[in-house]
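Q: Residue 60 is where the sequence shown starts when you use my numbering, and the numbers rise one by one after that.
No lab work stands behind these hints, which were simulated from the structure alone. Treat the hints with care, since some could be wrong.
Said to hold, decoys possible - Label pairs and their in silico Cβ distance ranges:
#, residue 1, residue 2, range
1, Val-218, Ser-192, 28 to 34 angstroms
2, Gly-330, Gly-407, 40 to 46 angstroms
3, Arg-281, Gly-205, 14 to 20 angstroms
4, Gly-426, Ile-267, 45 to 51 angstroms
5, Pro-439, Gln-207, 52 to 58 angstroms
6, Gln-282, Arg-435, 21 to 27 angstroms
7, Arg-435, Ser-130, 56 to 62 angstroms
8, Ile-267, Gly-351, 31 to 37 angstroms
9, Glu-181, Asp-345, 43 to 49 angstroms
Each residue gets a CB set at the ideal place from its N, CA and C atoms; glycine is no exception.
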Amino acid sequence: MARRMNRLLSATAFTVRFIVIGLALAFVIALVWPQSGSALRQKLGLAPSAPAAPASTTHAMPPAATGAPVSYASAVDRAAPSVVNIYANRVVTEQPVQRFNDPVMQQLLGEVPIGPAQRKREQNLGSGVIFSSKGYVLTNNHVIAGAQNIQVLLYDGRVAQASVVGADPDTDLAVLRIHATDLPVIHIARHPPRVGDVVLAIGNPFGIGQTVTMGIISATRRQLSSYSPDAFIQTDAAINFGNSGGALVNSNGNLVGINTALLGRASGAEGIGFAIPVTTAKNVLDQIVARGYVVRGWLGIAYTSVPVNANSGLPAAARGVWVTAVYPGSPAAQAGIQPGDVLLRMNGKGINGPTSLRDDETALKPGAQVHISGLRAGTPFNTTLTVVQRPPLSVLGARSSP
Numbered sequence: 060m061a062r063r064m065n066r067l068l069s070a071t072a073f074t075v076r077f078i079v080i081g082l083a084l085a086f087v088i089a090l091v092w093p094q095s096g097s098a099l100r101q102k103l104g105l106a107p108s109a110p111a112a113p114a115s116t117t118h119a120m121p122p123a124a125t126g127a128p129v130s131y132a133s134a135v136d137r138a139a140p141s142v143v144n145i146y147a148n149r150v151v152t153e154q155p156v157q158r159f160n161d162p163v164m165q166q167l168l169g170e171v172p173i174g175p176a177q178r179k180r181e182q183n184l185g186s187g188v189i190f191s192s193k194g195y196v197l198t199n200n201h202v203i204a205g206a207q208n209i210q211v212l213l214y215d216g217r218v219a220q221a222s223v224v225g226a227d228p229d230t231d232l233a234v235l236r237i238h239a240t241d242l243p244v245i246h247i248a249r250h251p252p253r254v255g256d257v258v259l260a261i262g263n264p265f266g267i268g269q270t271v272t273m274g275i276i277s278a279t280r281r282q283l284s285s286y287s288p289d290a291f292i293q294t295d296a297a298i299n300f301g302n303s304g305g306a307l308v309n310s311n312g313n314l315v316g317i318n319t320a321l322l323g324r325a326s327g328a329e330g331i332g333f334a335i336p337v338t339t340a341k342n343v344l345d346q347i348v349a350r351g352y353v354v355r356g357w358l359g360i361a362y363t364s365v366p367v368n369a370n371s372g373l374p375a376a377a378r379g380v381w382v383t384a385v386y387p388g389s390p391a392a393q394a395g396i397q398p399g400d401v402l403l404r405m406n407g408k409g410i411n412g413p414t415s416l417r418d419d420e421t422a423l424k425p426g427a428q429v430h431i432s433g434l435r436a437g438t439p440f441n442t443t444l445t446v447v448q449r450p451p452l453s454v455l456g457a458r459s460s461p
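Using the sequences and the hints given, assemble the complete structure.
A: Right, here's the structure in full:
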């Protein structure tokens with residue numbers, strides 16, 4: 060019995076020593092060759108099946124997986140040299156006056172001039188974009204309006220005097236020309252921007268030097284007023300004083316617009332800026348260089364989308380425009396068009412809405428004959444008018460209540 064017990068204990072001790080040595084050996088092998096376990100399982104046909112794909116989540120994929128760049132430095136390197144700082148200088152004359160604190164004296168005498176008139180130098184800051192190796196620079200008209208001296212600071216530190224080739228107040232664009240060599244010309248985007256595209260605003264905010272801000276395209280074809288002949292790009296990229304006339308470029312560094320305006324916090328808005336589409340800007344530049352001004356057709360009406368109660372129950376009317384005003388003496392007035400009319404077709408082409416009609420209207424050549432069809436109080440009508448050159452925006456605003 061004792062002998063059998065000794066044999067059992069010896070066998071057990073041997074087995075334990077074997078297991079311990081085996082575990083130690085396996086531990087060493089796992090340290091030296093971490094993939095040994097999976098390789099052995101595959102050789103023995105014991106490899107586990109591939110795990111099921113995880114359920115989709117709302118988390119965004121990392122930039123490497125989506126193809127989005129982790130940096131926009133290359134886009135900035137491509138576009139920044141073509142963006143310039145503009146310093147528009149003007150001299151204004153001011154007459155010192157005396158103001159009375161007494162309300163009665165103030166009402167009787169007003170402001171009394173005292174001493175000689177004083178001349179003061181003012182400087183307006185802005186930005187611009189080089190469009191041509193011949194030295195044509197596009198900026199905002201409000202940046203250089205009334206300036207007697209305009210200086211352009213190039214990206215490489217050179218300073219050039221600029222002359223005004225022409226301006227288009229309707230789009231707030233102006234064309235300057237500088238005389239310099241080796242000018243870096245901006246690259247123009249081939250395709251129009253889409254809502255959601257990443258964009259970079261490059262300019263000289265508050266005169267602190269060239270600055271880049273980032274955002275997205277918030278909206279396209281945005282109409283800022285019923286008098287404006289063109290639609291704008293809306294973006295949430297930060298645009299500040301001094302950015303006017305600067306570049307709005309896409310993530311490849313290609314120009315999509317010219318920064319022009321913003322709704323400030325004083326109006327309760329934040330992150331709402333506007334840029335002139337590059338197609339509009341290029342058209343304005345080409346026309347100003349060619350003839351000194353921009354040719355636009357004009358019908359002589361103000362219009363908006365068709366209200367629900369203005370289409371008289373006819374579905375086709377919802378695709379036209381509703382005439383809100385007719386300018387006295389305009390082509391539309393002479394053709395008998397009246398406020399409240401719903402215009403449906405122009406030269407046989409359906410009118411899809413105010414933006415569509417405004418594009419077609421401005422593209423018309425002065426002197427062209429235009430056939431208009433629509434509804435007046437639910438009754439169809441047709442008329443013909445002769446297009447004229449669009450009056451300045453300031454004139455249209457003054458005549459906004461014909």
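Q: Look at each hint and say if it fits the structure.
A: Each hint, compared with the structure:
1. Range check, Val-218 to Ser-192: Cβ separation about 19 angstroms, and the 28 to 34 angstroms hint is violated.
2. Between Gly-330 and Gly-407 the C-beta distance comes to about 43 angstroms, which sits within the given range of 40 to 46 angstroms.
3. For Arg-281 paired with Gly-205, a C-beta distance near 28 angstroms fails the hint of 14 to 20 angstroms.
4. The hinted range of 45 to 51 angstroms is satisfied by Gly-426 and Ile-267, whose Cβ atoms lie roughly 49 angstroms apart.
5. For the pair Pro-439 and Gln-207, the supplied restraint of 52 to 58 angstroms holds, since their beta-carbon distance comes to about 57 angstroms.
6. For the pair Gln-282 and Arg-435, the beta carbons lie near 25 angstroms from each other, so the given range of 21 to 27 angstroms is met.
7. Distance hint check for Arg-435 and Ser-130: the Cβ-Cβ separation is about 59 angstroms, which falls inside the suggested range of 56 to 62 angstroms.
8. Between Ile-267 and Gly-351 the beta carbons are some 35 angstroms apart, a value that agrees with the proposed interval 31 to 37 angstroms.
9. In this structure the supplied range 43 to 49 angstroms is violated for Glu-181 paired with Asp-345, their Cβ-Cβ distance being about 32 angstroms.
Checked against the numbered hints above, the structure breaks hints 1, 3 and 9 and satisfies the rest.
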